[in-house]
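Peer 1: Chains F and X, in that order, give the protein sequences.
Read in the numbering used here, the first sequence has 29 at position 45, and its numbers run on one by one without any break.
Add 326 to a position in the second sequence, counting from 1, and you land on the number used in the numbering used here.
Keep in mind the hints are simulated off the structure, nothing from the lab.
In this text, a Cβ means the ideal position worked out from N, Cα and C, and glycines have one as well.
Hints are supplied without guarantee of correctness; some may be wrong.
To be verified - According to the in silico footprint, chain X covers these stretches of chain F (three or more CB under 8 Å from chain X):
1. -2 to 5
2. 34 to 43
3. 59 to 67
4. 324 to 331
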Amino acid sequence: MKFKKKNIEAILFICLIFSLFLAVSAYNLYSIVRGISLGQDTVQDSSWQKRIEYRVYNSIPGKTVFNEIFGTAQKLMGKKVVMDMAYGSIYKSKYGQLVFPVNSNDAYIDDILNRMEILNNELKAEGIPLLYVQAPYKVPENEVQLPKNSIDFSNSNMNKLLAGMKIRGIDTLDLRDYVFDGHMTQNEIFYNTDHHWRIEAAFDATWYIARYLNNKYNFQINIEKYSNIDNYEQRTYEKSFLGSQGRRVGKIYGGLDDFTYIIPKFETKFLLTDNNGNESIVSEGSFEEAIMDKTYMPLDKKDLTVNRYAAYHGDNRELIFDNRLVEKHKILLVKDSFGIPVYSFLSLGVHETRAIDLRLFKSSVSEYVKKHRPEIVIVLYNIDHIGNDMYKFEGDV
Amino acid sequence: MVFSSLIFLTVFLPTVLFFYYTVFRRNRTIQNIFLLIASLGFYGYGEPKFVFVLISSCLVNWILGLIIDKFKYNKLYCKLIIAITIVYNLSIIFVFKYLMFTMQNINSVFGTELSIPEITLPIGISFFTFQAISYVIDVYRGHGKAQKNPFNVALYISFFPQLVAGPIVRYETVSEQIENRQESFALFSSGVNRFIVGFLKKVLIANNVAIVANIAYGAQVQGNLSMSMAWLGAIAYTLQIYFDFSGYSDMAIGLGKMFGFKFKENFNYPYISQSTTEFWRRWHISLGTWFRDYVYIPLGGSHYGKARMYLNTFIVWALTGLWHGANWTFIIWGLIFFVSISLEKQFKLDKMEGHIVLRRFYTMLLVILGWVLFRSPSIDIALDYIKTMFFGFGNIVDYEFRNSINEYIYFIIIGIVFSTPIAKKLSKVRLRRVISLQILLTIAEFILFILAISYLVKGSYNPFIYFNF
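Make the full structure from the sequences, and use the hints.
Peer 2: Structure follows, in structure tokens:
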């Protein structure tokens, strides 16, 4: 009996490690043949061992299953802090929201401020104002939501950045002042399982931005378009969204989010140009037809891996929204993913909205501005990009 | 490379097992050469440049083994060769591990300003050097035959399961097995079971309680360590070091069995000991017996009177402390055990009966305080930590403590329970004649193994304490 029992365990062990071996080998071979990066490039500065380990890690099959097993164990133990390969820790807030901690980035802030100042001066020379819009992060400053003693510097980083910009004469709009003023709950502002704000919160913030543009820069955006949500269809898919944070811990630990698409009921007419640098794809039609990307709007809500947030046309190098029913205003938005719903909604009140993402757009922003002459340049960023290429406004020179 | 890593589990181990049991199955010599190459690859993956240190150690000790075998009837020659062996091996370990420490102390004592070179410690140098010494001495003592084939000596010294963190395998234990071991599926299965047990100890218990220990020691650095957290941190580290090291030993013993080798046990539930003497019979057994047989007994042991015995004991414990690292904390830690073991011997406490709870309490208190010293970067910091444990009344219970309890209480309880032989005893219980609890434990073990892999996939905190020694 004893002999057989241990044999069975050995057979299971062998099956498991050889299955993993075959899967890792096959996937690596496939990736080499097809020239697919397994993420090893992201650790290029590290040792060759780290790169190999990263390749292996990224070719482990069934990571979703392992995540669920791991997440279930964390849930059973009632844990509020979960270890993570990429982020070190993932916290669960008192509202059941998952949060990636943000490190202190003092070392980069001066460099960012200098870059912003240079851009501001270049735009000033062209007579074009620059506005920095600070998107909120999932951790509000005025309430302790994370497990106590959690290490998160998001607000500290944002405060330093905004203070530095004010000193350098750069106009700023801190959306935290608005979204955290109590008119929405934390769970209404952010998805529980994703680091992004909810589409509803982004829509609401777009009204705030539009109002600011009208008041401060004499724009004439029809903010009535944003003030009455009844003008929009709210298409909600309950328990249909497992965001980027949820995918790291599994749906059992993180839960599932409801996802709501906000689509105008009123008449809209757009020409959207999606320029990836090599070719331009042009879409024409209503807001839903031209702007909403159906790839990210599956009707089957069980398809949890779909990034529904990207339905508002995300991760593009350059987008040009041409609103055929609005005559005034040209805006350039330099943005990260928090800007995705903002540019889509903002385009409802602006004739031409251009949006560039500096992770993909590698030319000079000021040259782009000189060429296209927007009335204002808005840089809309979330705080977790400090230290990467998002502030390289001069492009690859 | 560590055993509890995805690359070991999904690439290295399956590859080595596959070639060992298929392509090279029919020829023991080729199998051994293959295991040697794999072992050097295993070591070189972590420390490419130090492979040459390892190879030179293998080569020199192989030659010394041949010479001592040739002159085994000439005592003078043999003693000379033993002296060369010890000087050579200890020189290697001295240069890499103790030179910086020695120079720092010379500078501090004599006020000199000798420039201290930056020397990186090759992983596992203390383990493979002690094995190398064991080879030559065991050949001299006739406890194993001299290997004509250098690859066999190299395999003995550098065999990957025990290479970087032990157990210290004595040559006499495996000299026959190198060429004449018998693989079987039963032994292989037993090895798999042992590997899984070690893997669970390491990944599920040691790595998680390590976080609590780190929080406590981090709080001390920041000056806000509470009394409760100090105790919790010390207990967590006590559990961490046991499950980390014994887990690694289990994995090493299990891997050895997978390739037909039978290593001796390295741990035997040390935390149930009723004296520190007993503790050291149960903790890191391979190191304790190594020092006993290669240092204490050759120095005369207890044969030349009490004073000489205490001197020999002192030397052994000072060396045991020093073996763990080039820092006064380790030396003092070793000497604390010299004092406690000597007192136990003097007053025959280790042979006393009754008062089991009291004796276990005394032993664990000393062991836990010893680990505080062991974990601390300096004696001052250790004393400060211990002071907080006993006199930190300012802030007895704080948030760190409550949070650590909330987050890690299961790991701490499981750690405490499994540091006793309770699971071993339970596994022998039979339920309704048909199903033994051991079968349920085996199923649970495999499920937990998958859970442990999920921890690796998540990239959880995964240090290895004994790599540094």
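Peer 1: With reference to the structure, classify each hint as holding or not holding.
Peer 2: We went through each hint and held it up to the structure:
1. Beta-carbon proximity to chain X at under 8 Å applies to 6 residues in the region -2 to 5 of chain F; the threshold of 3 is reached and the given coverage holds.
2. Under a criterion of three residues with beta carbons nearer than 8 Å to beta carbons of chain X, the stated coverage of the region 34 to 43 of chain F is upheld, 4 such residues being counted.
3. Counting residues of the region 59 to 67 of chain F whose C-beta lies closer than 8 Å to any C-beta of chain X gives 7; at least three are required, and the coverage claim holds.
4. With 0 residues bearing a CB less than 8 Å from a CB of chain X, the region 324 to 331 of chain F misses the requirement of three and the coverage assertion fails.
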